[in-house]
Structure formats: structure tokens, C-alpha cells
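Following UniProt numbering, the numbering of the sequence shown begins with 1 at its first residue and continues without gaps.
Errors might be hidden in some of the hints.
Within a straight-line C-alpha distance of at most 30 Å, the following computed BS3-like cross-link-like pairs (lysine-lysine) qualify [unchecked claim]:
no.	residue 1	residue 2
1	149	129
2	142	187
3	149	187
4	103	149
5	129	103
6	129	142
No wet-lab data here; the hints were simulated from the structure.
Bear in mind the structure is a predicted one, so any value in this text is a computation, not a measurement.
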Amino acid sequence: EPGSGLSGLELLSEHLDPKLLCRLTQLQELDLSNNHLETLPDNLGLSHLRVLRCANNQLGDVTALCQFPKLEELSLEGNPFLTVNDNLKVSFLLPTLRKVNGKDASSTYSQVENLNRELTSRVTAHWEKFMATLGPEEEAEKAQADFVKSAVRDVRYGPESLSEFTQWRVRMISEELVAASRTQVQKANSPEKPPEAGAAHKPRVSAAPRALRPAQSLLPGEASGDQGVLGMCPGSTPGPGSLPR
């Protein structure tokens with residue numbers, strides 16, 4: 001299944017049947033250009049896709065592209081509703097992308113890396129300041145939900161023209177910090193296993209939970225065991241990371 005051409009068929013989004021396309025498990029190239037697509041279904045099952053052509057459609061969102069983790073070439077020209085913010089999202093979501101609209105993707109990657117590094121630092125600082133103001137009686141769940149709203153409202157970086165991308169990332173980073181904090185609290189509160197028979201009795205010591213590690217910006221070339229958000233669709237629960245190459 002080297003490639004499939006569905007160009008110029010006046011296809012609508014609902015014509016892309018995941019039940020049909022998911023059978024093409026080894027498909028590497030797909031041409032959907034010159035149709036009337038407004039969205040891409042998020043469950044097409046084409047995990048081996050390397051080339052995707054979606055030029056001259058009506059696409060308004062690119063987040064579904066994260067389902068193609070091996071994508072190397074992407075064409076999105078002629079989609080009038082896509083903006084520079086969507087170009088940045090594409091670079092963030094697709095770790096192996098080499099070309100976008102026939103041009104080298106490395107310069108956009110560098111811009112996204114710099115933005116993500118600064119946003120991660122600012123959101124982490126906002127988290128530490130926010131948590132320091134909480135009283136012990138405040139409900140953690142509500143407080144953490146308030147933190148996400150607070151970060152999206154208050155953390156700013158870069159020109160206004162990129163605010164859609166930066167606020168998208170601020171929300172993701174904030175939600176990752178909250179998720180990591182909840183996991184840490186659950187581990188700290190989980191009951192310890194009873195001592196094995198015959199083991200010497202030791203007094204139980206309640207260890208204070210370690211402070212939440214600041215979110216790390218996983219840049220190309222940095223060693224890390226975490227894949228981060230890349231290769232995962234927004235809405236999943238990744239660790240605070242970015243841009244493995």
C-alpha cells in the first residue's frame with residue numbers, strides 16, 4: 001500500500017470513513033487535496049503514513065494530525081482558515097516532519113522550541129507562586145482547576161499574532177502540571193504495604209512529598225525517557241515535554 005489518491009473527488013469530511021481507511025494499515029502516502037474537507041477524523045488508523053497532501057480544502061484545525069506520528073511531508077496550501085498559529089501547532093505535534101508545503105520545517109521547529117522553552121518556564125513559575133498562596137483548608141481539586149484558568153489568563157509571551165498558539169501550549173503545560181501533582185499526592189497518600197512476616201518492626205515515618213519537579217522542555221538532542229506531548233493528541237495525559245526529534 002505505497003499510496004492512495006483521493007484528490008479532486010469533492011469529498012466532505014464525513015466521506016472519510018475510518019472503518020474503511022483503517023484497513024490500509026501500511027499506507028504511507030495519502031492525497032486528499034482539492035476536496036471540501038473541513039476537518040480530519042481523529043481515528044483514521046494510518047499510523048505508518050509518511051506523506052499527506054491536504055492542499056486546497058477548508059480545514060480549520062490541525063490537531064488531528066497528531067495521529068500520524070511518522071509523517072515526514074505535509075501539504076496544507078490553499079486552506080484559507082489556517083493561520084501561522086496552525087503552522088506552529090503542526091511543528092509541535094509532528095516530531096518527524098521534514099517538509100511543510102514543500103519547504104524545510106527546521107526553522108519553524110526552532111521557533112517552536114524557543115517559544116515552548118519560555119512558556120514552560122513561565123507556567124512553572126506561575127505554578128510555584130500559585131501553590132505557595134494556597135491555604136491548607138483549600139480544596140486541592142478546585143484550586144488546581146483554578147490554576148489552569150489563572151495560567152491561561154495571566155501567562156503571556158511573544159507577539160499577539162501568536163497568542164492562539166501560546167495560549168494553547170499554556171493550557172497544555174498547566175494541565176500537565178496539575179496531573180503530575182495529583183499523581184504525586186496519590187502516591188504520597190497510598191497506604192504502605194504491611195511488613196513481611198518475621199521482618200523487624202520499624203516505626204512508620206510519614207515522609208513529606210517531594211516538591212513537584214518543574215516541567216522540562218524536551219528539546220531535540222536532549223536525553224529523556226519521556227515522549228512528551230509529541231506523538232500524543234491534545235486531550236491525552238502526557239508528561240510536560242516537547243519536541244523530541
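Q.
Between the alpha carbons of residue 149 and residue 129, is the straight-line distance 30 Å or under?
A. holds (15 Å)
Q: With a cut-off of 30 Å on the C-alpha distance, tell me whether residue 129 and residue 142 pass.
A: At roughly 17 Å apart (the allowed maximum being 30 Å), residue 142 and residue 129 satisfy the hint.
Q. Given the proposed pairing of residue 129 with residue 103, does the C-alpha separation stay at or below 30 Å?
A. violated (42 Å)
Q. Is residue 142 close enough to residue 187, meaning Cα to Cα at most 30 Å?
A. Holds: residue 142 and residue 187 sit about 20 Å apart, inside 30 Å.
Q. Hey, residue 103 versus residue 149, does the alpha-carbon distance stay inside 30 Å?
A. Not OK: residue 103 and residue 149 at ~37 Å, beyond 30 Å, violated.
Q. Keeping to a limit of 30 Å between CA atoms, is the pair of residue 149 and residue 187 held or broken?
A. holds (26 Å)
In summary, the numbered hints that this structure violates are 4 and 5.
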